[in-house]
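One letter stands for each residue in the lines below.
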Amino acid sequence: MSDQRLFAAALLDPDAPCPAGLIAWNGSDPARRFAVYRNNVVVSLIDALADTFPVTLELVGEEFFRAMAGVFVRIAPPGSVLLVEYGAGFPDFIERFEPARSVPYLADVARLERLRVRAFHAADADPISPERIARALANPERLPTLRVTCHPSLSVLRSDYAVASLWAAHQGHGDLAQVDPFVPESALVVRVGLDVQVIALPSGGDALAAGLADGLPLGQAAALALAASEDFDLTAQLAMLLRVGALTALAQPTET
Amino acid sequence: MSKSLTSTALSATALSLALSTALSLAAAPASAADHQEKCYGVAMKGKNDCAAGPGTTCAGTSKTDHQGSAWKYVPKGSCEKTASPTSPTGFGQLAAFKEKKT
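If you're matching them up, the sequences are chains A and B in order.
Read the first sequence against this note's numbering and you will find it ends at 268, with the numbers running on by one and no gaps.
Read the second sequence against this note's numbering and you will find it ends at 103, with the numbers running on by one and no gaps.
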């Protein structure tokens, strides 16, 4: 192992000895200086996770969250120099983290928070103009094969738990006491201007948004949504997607 | 709607109707506010949707958290259940109020 790798490994392992060959500028004990640095590295990464996952933290409390994040930091240090990408694997880690089993929805809430960070940093894109939609409507027989491009910030999270309501209740919207976490919910995450929004999707709404995001033709995505729920309101969901600027381009496969 | 639709795509007519109605719905900004109410005293500073103090009439201008003269759109019915430390009732209110000292 190279000196550098040894140094990095010792930073994340509190039981590892201080790497050999270190000297302190003022003649103090290098092992003590190294211990301070080791602490700072782990604490700053835990702080980064706490900033990215504020609702996850609130759900389990500061003490539990920091202990859990500390375990994660040591087994999964940053793989990129961009700290904003740190924590992408945290939700999966939470799902497997035994002490968090009693809060089964914790991993999905963390997934939602991760998608919000992703959306915040996604590229800008202008919504489809009403004129472009009017042109598409002029050829109704071609609508079913129309393909829609979604905003780069858009993602759909399907959960067995009430992720959107839990998240909203922690923003001061709605009443946390009235949220039943065990009601399955799907959430749409999309950035509107500079504001990342979390929108609870009705049954079928997840199939429509996810289908369009996956590049399915409009007719097929709509049919999947209607198959998921007989009361699916296609008009209302399309209006919602248009209103938040979630749809950015229309194309026919044959169109030039 | 019949389940037999699952294997085929939706009819062009149905799509056309849904998309054109959606377009007009999306164009009317009033529809977004239909299910929301103005809630005073619950917005964090700078996060109000509109109306804070004399001379300031637009969004994002409130100077303090939970300012009693600043409102935020919230889902209908949730305003008076949202905690507001500055409100005499302890919760958000549907009209501007004078903040109590905290």
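Derived by calculation from the structure, the hints in this document are not laboratory data.
Check the hints yourself; a few may be wrong.
[Stated by the list, open to error] Examples of chain B residues toward chain A, derived with CB under 7 Å: (1) L16; (2) L20; (3) L24; (4) P86; (5) T90; (6) G91; (7) Q94.
[Stated by the list, open to error] Capping the alpha-carbon separation at 25 Å, the derived lysine to aspartate or glutamate pairs in DMTMM-like fashion look like this: (8) K39(B) x D27(A); (9) K101(B) x D187(A); (10) K99(B) x E38(B); (11) K82(B) x E100(B); (12) K39(B) x D59(A); (13) K39(B) x E81(B); (14) K82(B) x D192(A); (15) K82(B) x E38(B); (16) K99(B) x E81(B); (17) K82(B) x E110(A); (18) K82(B) x D187(A).
[Unchecked claim] Quick list of simulated restraints, FRET-style, between CB atoms: (19) P86(B) x P265(A): 37 to 47 Å; (20) P111(A) x A13(B): 28 to 38 Å; (21) L95(B) x A261(A): 24 to 34 Å; (22) Q183(A) x A13(B): 34 to 44 Å.
Don't be surprised by glycine CBs; every beta carbon is placed ideally from N, CA and C.
Return the numbers of the hints above that this structure violates; sort them in rising order. Violated hints: 4, 5, 6, 7, 8, 12, 17, 19, 20, 21; rest satisfied.
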